[in-house]
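Kindly produce the complete structure, drawing on both the sequences and the hints.
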Amino acid sequence: MKKSLLALAVLGTFAGVASAQSSVTLFGIVDLNGRSIKNGSTTQKQQVSNSLNSNRLGFRGTEDLGGGMFAGFWLEGAMNNDSGEGTATGGGQNWQRRSTVSLGGRFGEIRLGRDYTPSFWNTTVFDPFGTNGVGSFLNTAGTGAITTATTYVRANNSFGYFLPGNLGGLYGQVQTSLGEGVDANKQTSVRIGWAGGPINIAVSTGKTDLATEYTHNNIAGSWNAGFANFMAQYDTQEAGAAERVMYLFGVVVPVGQHELKFSYVNSKGDGPLNGVDADQFALGYIYNLSKRTALYGHYAQIKNKGGAAFVVGAGPGNATNDKSTGYEVGLRHSF
Amino acid sequence: MKKSLLALAVLGTFAGVASAQSSVTLFGIVDLNGRSIKNGSTTQKQQVSNSLNSNRLGFRGTEDLGGGMFAGFWLEGAMNNDSGEGTATGGGQNWQRRSTVSLGGRFGEIRLGRDYTPSFWNTTVFDPFGTNGVGSFLNTAGTGAITTATTYVRANNSFGYFLPGNLGGLYGQVQTSLGEGVDANKQTSVRIGWAGGPINIAVSTGKTDLATEYTHNNIAGSWNAGFANFMAQYDTQEAGAAERVMYLFGVVVPVGQHELKFSYVNSKGDGPLNGVDADQFALGYIYNLSKRTALYGHYAQIKNKGGAAFVVGAGPGNATNDKSTGYEVGLRHSF
Amino acid sequence: MKKSLLALAVLGTFAGVASAQSSVTLFGIVDLNGRSIKNGSTTQKQQVSNSLNSNRLGFRGTEDLGGGMFAGFWLEGAMNNDSGEGTATGGGQNWQRRSTVSLGGRFGEIRLGRDYTPSFWNTTVFDPFGTNGVGSFLNTAGTGAITTATTYVRANNSFGYFLPGNLGGLYGQVQTSLGEGVDANKQTSVRIGWAGGPINIAVSTGKTDLATEYTHNNIAGSWNAGFANFMAQYDTQEAGAAERVMYLFGVVVPVGQHELKFSYVNSKGDGPLNGVDADQFALGYIYNLSKRTALYGHYAQIKNKGGAAFVVGAGPGNATNDKSTGYEVGLRHSF
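Protein sequence lines correspond, in order, to chains A, B and C. So in the numbering used here, spot 99 of the first sequence is number 99, and the numbers just go up one at a time. All you need for the numbering used here is the position in the second sequence, starting with 1, plus 1000. All you need for the numbering used here is the position in the third sequence, starting with 1, plus 2000.
Rather than coming from a laboratory, the hints here were simulated on the basis of the structure. All values derive from a computational prediction rather than experimental measurement. Treat the hints loosely; a few may be bogus.
Stated by the list, open to error - Over the 10 Å line for every Cβ pair with chain C, so calculated as not near, a few chain B residues:
1) Thr1042
2) Gln1046
3) Tyr1161
4) Val1190
5) Ile1192
6) Glu1259
7) Tyr1285
What the hints assert, rightly or not - The calculated lysine to aspartate or glutamate pairs, modelled on EDC-like cross-linking and capped at a C-alpha distance of 20 Å, are:
8) C:Lys2207 to C:Glu2243
9) B:Lys1268 to B:Glu1238
10) B:Lys1045 to A:Asp209
11) C:Lys2268 to C:Glu2238
12) C:Lys2291 to B:Asp1064
13) C:Lys2305 to C:Asp2279
14) A:Lys45 to C:Glu2180
15) C:Lys2045 to B:Asp1209
16) A:Lys186 to A:Glu213
17) C:Lys2045 to B:Glu1180
18) B:Lys1291 to A:Asp64
19) A:Lys291 to C:Asp2064
20) A:Lys207 to A:Asp183
21) B:Lys1045 to A:Glu180
22) B:Lys1291 to B:Glu1259
23) A:Lys45 to C:Asp2183
24) B:Lys1045 to A:Asp183
25) C:Lys2045 to B:Asp1183
26) A:Lys45 to C:Asp2209
As the list claims (entries may be wrong) - Between beta-carbon pairs, the in silico distance windows are:
27) C:Asn2321 to B:Asn1274: 50 to 60 Å
28) C:Asp2209 to B:Arg1106: 58 to 68 Å
29) C:Lys2045 to B:Asn1266: 39 to 49 Å
30) A:Ala232 to B:Val1255: 53 to 63 Å
31) B:Gly1144 to A:Pro164: 51 to 61 Å
32) A:Pro164 to B:Ile1199: 46 to 56 Å
33) B:Arg1106 to C:Gly2067: 50 to 60 Å
34) B:Thr1043 to A:Ile110: 16 to 26 Å
From the three backbone atoms N, C-alpha and C, an ideal C-beta is built for every residue, glycine too.
Spelled out as structure tokens, the structure:
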């Protein structure tokens, strides 16, 4: 996820205002692979984006306002490069991965716009598969009443505050998003964590004003033992009486340019979703040709029971009470 | 609205053609706020783009062709950053704010593509609120027969000519746009003005080939008294017998990094729109953190009568024969 | 089609991996004209994109991985600049002209994503009008059973291989694209050619798994005699019993900054399309103001018979068994 820096020429200075030191960055990721998905007894060969990292195109920049203050913007959109579309779901390029303007200083950062929710961010930081590809933690995250929250990953019309970076390892953020007449967009979420030496641990909680209030809680951490980085998380989503409880155990083992990854995810339903359960394991191998370019292979399998129909990737089959298995070999290039 | 300049490497020169000195500029504005709109008796809290300046993303560049000649392009699209969309109305990024190619020289500039109409440009230059936010002149500009002109702001398939910049303060432009089978796109417009010392004054007239021909006339000017810049305009739109007559009085008072803004707009209907009237006043305060970054606050109110239902901002209520009131506090960052 | 180079700052180096020398390029073309189309007896005046070259906006880059290896990406989308749309057919900017990630080296290049098909590429390289504008070879390329192949120009989900550039003038590529459940996207194509001195010659063949298998074959070549570059091609498309056979003869004559172009295209149907024939001639003049900027004029006419209704440009008339005539005068600027 390296960046190209465009030199910014400030063509003049505002009367009485300090001149700005600034940069605008163009950045992106093109990640494509060959994938085979077997849901139940049906197999399909595919070419897919977003498997090692999420495909993206973006522009971002910061301006030094003096006195420790800064302003910044961030425009980042998804891409489906297998078909040349500028979104994850078809259509032209947009900036729905992140579209924000910020004002920051010693007090932290205030951020407005469309952004990740704090409660989601906790799940993706502590996943060896980064919520991407056939091994993603998200594969078994939602079904039935639990899938109705459009704010699971990101929120529109959000106002966020981030703690400053100098609190001795303590970090945190709080976010609230306006519904503008749509309850499903009305969300509040908070995240707090601590990172020091080999340890990183964080908790998050968020709620959305659905007809039945939707709540998402997560506690997660990682321990970098040097030869390997171990990760674990415990995650619950509630929508009225319906509940989904998940835990993850994962590990990333770097060996020079190589990386080995493993994760196990257990996903259990409760209330109306009682018994709608699945577990998933995933194996990955990454060969880093450079910091920006990697070849990778992933293999993952989900076992569904109690009516669950989770899949490691979209395809024509049906995995209800059955297995979903997938593997993919691809190339990720970032700029 | 500052710009980042990308160095352009011309990788060779055409046989017999002078080498080009060139630049390509990436530019944009992200402007987001918290807004409260009360239309009639209903209030809604919102996060909104486009309130101090119109949100945008663009690329533009010029090439020096030698002998005073130049070629250039301009691609500029809107953004709804509160939801990450690349247009003002949803969907992917496009270049519908301006999408042109130009050839210029001592004779002036010839410009092809989608562009502002001259008749609109007169209204936005002489408005303290720049046609943006709750205080925009546009809020009371159209209803009934008058709203049918899609060419009020911009035109597709346009051919334009601009006078050169060395005519002792005289400036002007003429534009015609092809309908390609759609009368509502068939438009011709002209604008001429003079700027010298503290004075800037301009007139414009445009017509569009609707079933009932649509005409838009504007005369406007500003006088910069140093401590304050005063603006006024008189604007008429006609569609058959229907007419809307508007005038604006505005002032901008700069105080160091601060700016105070005020405008009053009177909008009267005539013919079938007789008595469909409104007036609007708007107050604004801008704190310029730098040339590129500003905090701002706006307050505006419209009073409708005779069946008018103009609003300072979209929302769930109904302002027919009632007030529409809004305020917004936001952050604008340009790059 | 010159490019602006953005300096790429690699912000660190991966442990054990050579640092990258890299660049990201922003590039594009804005080409607009005034056009008159007469189909049968109906004439329309238009402003049109894509007439000398296809309008486009893109980002591309390569990374030197050391040892002759490289990685690269290419994002290129169409634009309709007469209306500011970021595609050829309306809607936001996408990257459907090309959207690929590559890994290359002494062995050649492996390319994944959406890309031109090899069988199409042969037709466009050997056309004086580059498959653009009123004189395009494509005008008479498809009707009836032959128009059903969505893979005629480009393919989604493609895996391609290109020969390396050091084979003494021999070049070639092979591509296969996955259907992912849609037969019309399942395509395989190969192209091989040789360029040396004034000669360039290439053959291509491709097939798509439609209900009736679709095949596209092309053999083409050019001979640059110095004062003029002569081009010819022979092209067949088959869909079951239906067939379209085309040949082209063309010439480009450069005179300093000027270029004169001529092409003649003959298009014959066979099987169910027997007698559905047309021929087209096209004249062009280009005045290169610089390597990047050109003024141009094109004139072309199609004569249809046997029920053919080919047109030199879209418009309101009907050219069945009649003539379609068009001319256009425009400005192309590339960056």
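A quick look at each hint next to the structure:
1. Thr1042: Consistent with the label, B:Thr1042 stays out of reach of chain C, its closest Cβ about 33 Å off (over 10 Å).
2. Gln1046: B:Gln1046 is indeed farther than 10 Å from all Cβ atoms of chain C, at 23 Å.
3. Tyr1161: Check passes; 13 Å lies beyond 10 Å.
4. Val1190: Holds, because the least Cβ-Cβ distance between B:Val1190 and chain C comes to about 19 Å, which exceeds 10 Å.
5. Ile1192: 24 Å, holds
6. Glu1259: About 31 Å separates B:Glu1259 from the closest Cβ of chain C, which puts it past 10 Å; holds.
7. Tyr1285: Fine: 34 Å to the nearest Cβ keeps B:Tyr1285 off the interface.
8. C:Lys2207 to C:Glu2243: 14 Å, holds
9. B:Lys1268 to B:Glu1238: Satisfied, since the Cα-Cα distance of roughly 12 Å is no more than 20 Å.
10. B:Lys1045 to A:Asp209: 15 Å, holds
11. C:Lys2268 to C:Glu2238: 12 Å, holds
12. C:Lys2291 to B:Asp1064: This hinted pair holds, its Cα atoms lying about 12 Å apart.
13. C:Lys2305 to C:Asp2279: 9 Å, holds
14. A:Lys45 to C:Glu2180: Status holds; Cα separation ~7 Å.
15. C:Lys2045 to B:Asp1209: Satisfied, since the Cα-Cα distance of roughly 15 Å is no more than 20 Å.
16. A:Lys186 to A:Glu213: 10 Å, holds
17. C:Lys2045 to B:Glu1180: 7 Å, holds
18. B:Lys1291 to A:Asp64: 12 Å, holds
19. A:Lys291 to C:Asp2064: 12 Å, holds
20. A:Lys207 to A:Asp183: 11 Å, holds
21. B:Lys1045 to A:Glu180: Cα-Cα ~6 Å, so holds.
22. B:Lys1291 to B:Glu1259: 13 Å, holds
23. A:Lys45 to C:Asp2183: 13 Å, holds
24. B:Lys1045 to A:Asp183: Holds. B:Lys1045 to A:Asp183 sits at ~13 Å (cutoff 20 Å).
25. C:Lys2045 to B:Asp1183: Roughly 13 Å separates the two Cα atoms, so the pair holds.
26. A:Lys45 to C:Asp2209: 15 Å, holds
27. C:Asn2321 to B:Asn1274: 50 to 60 Å: Given a distance of about 56 Å, which is inside 50 to 60 Å, the answer is holds.
28. C:Asp2209 to B:Arg1106: 58 to 68 Å: About 60 Å separates the Cβ atoms of C:Asp2209 and B:Arg1106, which means 58 to 68 Å holds.
29. C:Lys2045 to B:Asn1266: 39 to 49 Å: Given range 39 to 49 Å: holds, Cβ gap about 40 Å.
30. A:Ala232 to B:Val1255: 53 to 63 Å: 57 Å, holds
31. B:Gly1144 to A:Pro164: 51 to 61 Å: 54 Å, holds
32. A:Pro164 to B:Ile1199: 46 to 56 Å: 49 Å, holds
33. B:Arg1106 to C:Gly2067: 50 to 60 Å: Holds - the Cβ-Cβ distance for B:Arg1106 and C:Gly2067, about 54 Å, lies within 50 to 60 Å.
34. B:Thr1043 to A:Ile110: 16 to 26 Å: Between B:Thr1043 and A:Ile110, where Cβ atoms are some 24 Å apart, the hint holds.
Checked against the numbered hints above, the structure violates none of them.
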